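Chains P and R are the protein sequences, given in the same order. Quick note on this note's numbering: the first sequence kicks off at 60 and runs consecutively. Quick note on this note's numbering: the second sequence kicks off at 284 and runs consecutively.
Source of the hints: derived by calculation from the structure; they are not laboratory data. Wrong hints could be hidden among the right ones.
[Unchecked claim] Below are the DSS-like pairs computed for lysine-lysine, each with C-alpha atoms no more than 30 Å apart in a straight line:
| no. | chain 1 | residue 1 | chain 2 | residue 2 |
| --- | --- | --- | --- | --- |
| 1 | P | Lys417 | R | Lys318 |
| 2 | R | Lys418 | R | Lys370 |
| 3 | R | Lys395 | R | Lys553 |
| 4 | P | Lys63 | R | Lys553 |
| 5 | P | Lys118 | R | Lys662 |
| 6 | P | Lys322 | R | Lys461 |
[What the hints assert, rightly or not] A partial selection of chain R residues facing chain P, derived with a Cβ cut-off under 7 Å:
| no. | residue |
| --- | --- |
| 7 | Val309 |
| 8 | Ile310 |
| 9 | Ile328 |
Just so you know, these numbers come straight off a predicted model, no measurement behind them. Glycine is no exception: its CB is placed at the ideal position from the N, C-alpha and C atoms.
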Amino acid sequence: MNYKLVFNVLGKIMVLEAILLCIPLILSLSYGENIYLAYVIPIVCLLAVGIPSFIFKPKDASIYAREGFVSVSFAWLIMSLAGALPFVIGKAIPNYIDALFETVSGFTTTGASVLSDIESLPKSILFWRSFTHWIGGMGVLVFVLAILPDDNAGSMHVFRAESTGPTVGKLVSKMRVTARILYAIYIVMTMVEVVCLLCGKMSVFDSFVTAFATAGTGGFSVKNSSIAAYNSVYIEMVIAVFMMLFGVSFNIYYLIIIGNFAKAFKSEELRVYIGIMLTATMLIAVNILRVYGNFGQAVRYSFFQVSSVMTSTGFITADYEKWPALSQAIIMFLMVVGACAGSTGGGIKVARLVILCKSGVGGVRKLVKPRTIVATKFEGETLSDDTINNVRLFFVFFVGLLITSTLLVSIDGNGTFLANFSASLTCINNIGPGFDQVGPTGNFGGYSAFSKLIFCFDMLAGRLEIFPIITLFSSATWRKH
Amino acid sequence: MRLVIVGAGKVGTTLIEKLSKEKHDVIIVDVDDEKVERLVNKYDIRGIAGGGCDRSVLQEAEVSKADFFIACTSRDELNILSCMLAKKMGAKYSVARVRDPEFYSEEDYMSKEFSIDMPFNPELRTAEEIAQILKFPSAVNIETFADGSVVMIELLIKKGNPIIDKSVVDIIKEYEVKLLFSMVERDGKVFIPRGDFVIKEGDRIHITATEQEIAAFSKDMQMYKKRAKSVFIVGGGKIAYYLAKNLIESRVNVTIIDIDEERCRELSEKLPEATILCGDGTDQDVLSEEGIAKCDACVALTGMDEENVIIALYAASKKVAKVVSKVDRATVAQMVRNLGLDTVVSPRNVIANKILRFVRSRREGGDGSINRLYNILDKAEALEFIATAECKFLNIPLKDLKIKNNYLVNGIVRNKEYIIPTGDSYIAEGDAVLIVTTDKNVTDLNRLIK
Chain P
60 MNYKLVFNVL GKIMVLEAIL LCIPLILSLS YGENIYLAYV IPIVCLLAVG
110 IPSFIFKPKD ASIYAREGFV SVSFAWLIMS LAGALPFVIG KAIPNYIDAL
160 FETVSGFTTT GASVLSDIES LPKSILFWRS FTHWIGGMGV LVFVLAILPD
210 DNAGSMHVFR AESTGPTVGK LVSKMRVTAR ILYAIYIVMT MVEVVCLLCG
260 KMSVFDSFVT AFATAGTGGF SVKNSSIAAY NSVYIEMVIA VFMMLFGVSF
310 NIYYLIIIGN FAKAFKSEEL RVYIGIMLTA TMLIAVNILR VYGNFGQAVR
360 YSFFQVSSVM TSTGFITADY EKWPALSQAI IMFLMVVGAC AGSTGGGIKV
410 ARLVILCKSG VGGVRKLVKP RTIVATKFEG ETLSDDTINN VRLFFVFFVG
460 LLITSTLLVS IDGNGTFLAN FSASLTCINN IGPGFDQVGP TGNFGGYSAF
510 SKLIFCFDML AGRLEIFPII TLFSSATWRK H
Chain R
284 MRLVIVGAGK VGTTLIEKLS KEKHDVIIVD VDDEKVERLV NKYDIRGIAG
334 GGCDRSVLQE AEVSKADFFI ACTSRDELNI LSCMLAKKMG AKYSVARVRD
384 PEFYSEEDYM SKEFSIDMPF NPELRTAEEI AQILKFPSAV NIETFADGSV
434 VMIELLIKKG NPIIDKSVVD IIKEYEVKLL FSMVERDGKV FIPRGDFVIK
484 EGDRIHITAT EQEIAAFSKD MQMYKKRAKS VFIVGGGKIA YYLAKNLIES
534 RVNVTIIDID EERCRELSEK LPEATILCGD GTDQDVLSEE GIAKCDACVA
584 LTGMDEENVI IALYAASKKV AKVVSKVDRA TVAQMVRNLG LDTVVSPRNV
634 IANKILRFVR SRREGGDGSI NRLYNILDKA EALEFIATAE CKFLNIPLKD
684 LKIKNNYLVN GIVRNKEYII PTGDSYIAEG DAVLIVTTDK NVTDLNRLIK
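Here chain P stands alone, though its shape is the one from the complex (with noise of 0.2 Å):
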């Protein structure tokens, strides 16, 4: 472990943080809330701790695959940390523990609230809980990789660690300016999902924190009663399109600007996800024409429901709670799917469920004939078998993650069954809504500051695909070199 690099890293992170934060500063004098302090405070601190592990350089800046884990890792951890004390000291959530899982829910869009009534906070506040989520959508670190004028050999080490997906691959040679059109895709989406939202009447600073909220696939919203507030089609329309946009993989939009139409919409990962959105949609609204009664409502809450549900986002119309057995399956089957790899979406990743049936199709076949040679196939290219491999650890430490935080949060006995289980899921995968509970109309308030540790420890693990935490629980990574 090359220590002092790791801390250099974390400096700028600190940095950028601190930067960060003078936007909700700005804007709490400029609204004239009494609470610039809840902003000025961690500033400093963040400054002061950041500035000199920022300028002092190690000598050593070859960044490794565990250097690579660790500083993602300690990055977000620091981030979340930080970044809860707003709520903290302007007395927004009083409770560090109930700060803190509110942070980390911004942050990795998970989008899952402590809080009952969200419309009575100050606006900075709203602002910076939603802002975390468009923070984090992207990545920190990539940010950093995008303004730095950094030798950035070894890299992508980091860039791997916090992208999602089951391979990562740069758009240009240079990782520079790769990270800065990855931001630039992010930002110039980011806006026009805002000019679409004040076309459709909504407030300016309401459409600047929902887009965020979408552009993460976050989810937290300034209304008690999340989008359903707002009660016209045309913005759940436009919020249910972009937040399938932004499930999409950012390197098909990389492809459509350079022109390359073909492989664009050749994607295998593209037209599976679509699909399951398409038939999910269907499906759910045929079988809710009862609850609604005529099939253009079915299907204005159906597609929004899933489109949220299944690129992680987790903005609700629509309690699907009073839905019938099957509809809510399906809902929980998108919970696990989640959007596309390269996207700024949670979950499994379209991609990896694809390769995980495929090569099961093929582990059958062998299981049958023993002398097959099946060559596992993913958008027209073989997989190697450490691929394959990798998706099925993935997998294997998913359900693991899924299954002990389902047991360790049962501990408190504040919620059933159901609402443990879905509350782990939907941690994992970063939604935010789960079922009975933690459903659409509920939150993690209920839950013991030890089972919302246990949570904010999901995200974190969830938004990072999980390898980079787990590595931290080795002994080899902590060694010197």
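Dock chain R against the given chain P, drawing on the hints supplied.
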């Protein structure tokens, strides 16, 4: 600049290492996805797993926008074909490794008809470099500039050398020599010596002068060795063939030993003047039986770095006057230098330097006048420029120029005559100017002044 490199072998990897340091956009294409992955992890480049002749792969690598297309896989035909393809797709320059003598003998024809701007043959270039050293065995290393009218040689200062603990000014006064101390390598660092720099034991000094001056100087230092008249080559690969051919042309007795009988027969057909032996060149009994101790020089050219090092150590212990070993892995090369084997040749470095020079001299903004480039430990470089009209300080005495600290005007060659630069010297249009610098990525003579 954008470069596409096909083939992640030794040459490809060395090129990537050097080019990515120079902040170019590099894309590597290789069929072995593990190799590609390893390189992408280590350097800031993009990798594509696929064949170099696959049009869709080349399209994905955006060859049409590439400034350079470098094909360095192990297969000549593939390199030639992929270069033709790349050129057709719009790559600006193409570079191909072509090493089969059958192809390479038609170098000019090939570059014209197959649209390869720079065919290169690592084995031939390495052989040329070894031949050069054997002609002047006092030097650890030798580099010629300005068509051979001036040379820069590397000398290892061993114990008992009379110039130890003397400063550069004193040495030049004492021996009355017309030469320039260009660089001194000490403990892995490279210095550009000023007048008061004191030479220590174990230094590797690089001096620039004409061949006659250097011969006279090395006689004064009791380092002079006569040019090798009989050379023993262990390993009969391509380099050995080219080297033997080169040496035979200058009437040197050549003995080649190789373990493969087939290859020996082939060599004896192609090189009737050489003595070809079939036997195990790593076996010390065989070597001493065949009279290695009586040769002027021994060159170890087997395919294994380790074997070459052991053969070289054995030859050195038998007091062979000049020992040259081929060592390809960079880390091993550094270790071997510390073992006291003076001359180590690395084909991949030889060729990487050559390609690098080609790339740099065609960089946008550069005036395209780099003639030679010689790289020392990746820490310093000796370059030869042709002064064009674009040079901003023509005909101004050097003492009036503000030359940067880490630069040294190492020599001016006018009408094939070497001028040791003094304060009154000036650079005229058309001169070959030698520069020594610890600066990186120099492409332009104008970088010399502040």
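How about Ile310/R: closest beta carbon in chain P under 7 Å, or not? holds, 5 Å
Satisfaction of hint between Lys553/R and Lys395/R, Cα-Cα up to 30 Å: holds, 28 Å
Quickly compare the C-alpha distance for Lys322/P and Lys461/R to 30 Å and report which way the hint goes. violated, 66 Å
Given pair status - Lys553/R, Lys63/P, alpha carbons within 30 Å: Between Lys63/P and Lys553/R the Cα gap is close to 59 Å, so the pair fails against 30 Å, i.e. violated.
Quickly compare the C-alpha distance for Lys118/P and Lys662/R to 30 Å and report which way the hint goes. holds, 17 Å
Hint consistency between Lys417/P and Lys318/R [alpha-carbon to alpha-carbon, up to 30 Å]: holds, 26 Å
For a C-alpha distance cap of 30 Å, please report whether Lys418/R and Lys370/R respect it. violated, 40 Å
Once the shortest beta carbon distance from Val309/R to chain P is found, is it less than 7 Å? Constraint on Val309/R satisfied, holds at 6 Å.
Could you check if Ile328/R really has its C-beta closer than 7 Å to a C-beta on chain P? holds, 5 Å
Comparing the model with each earlier hint shows violations of hints 2, 4 and 6; every other hint is respected.
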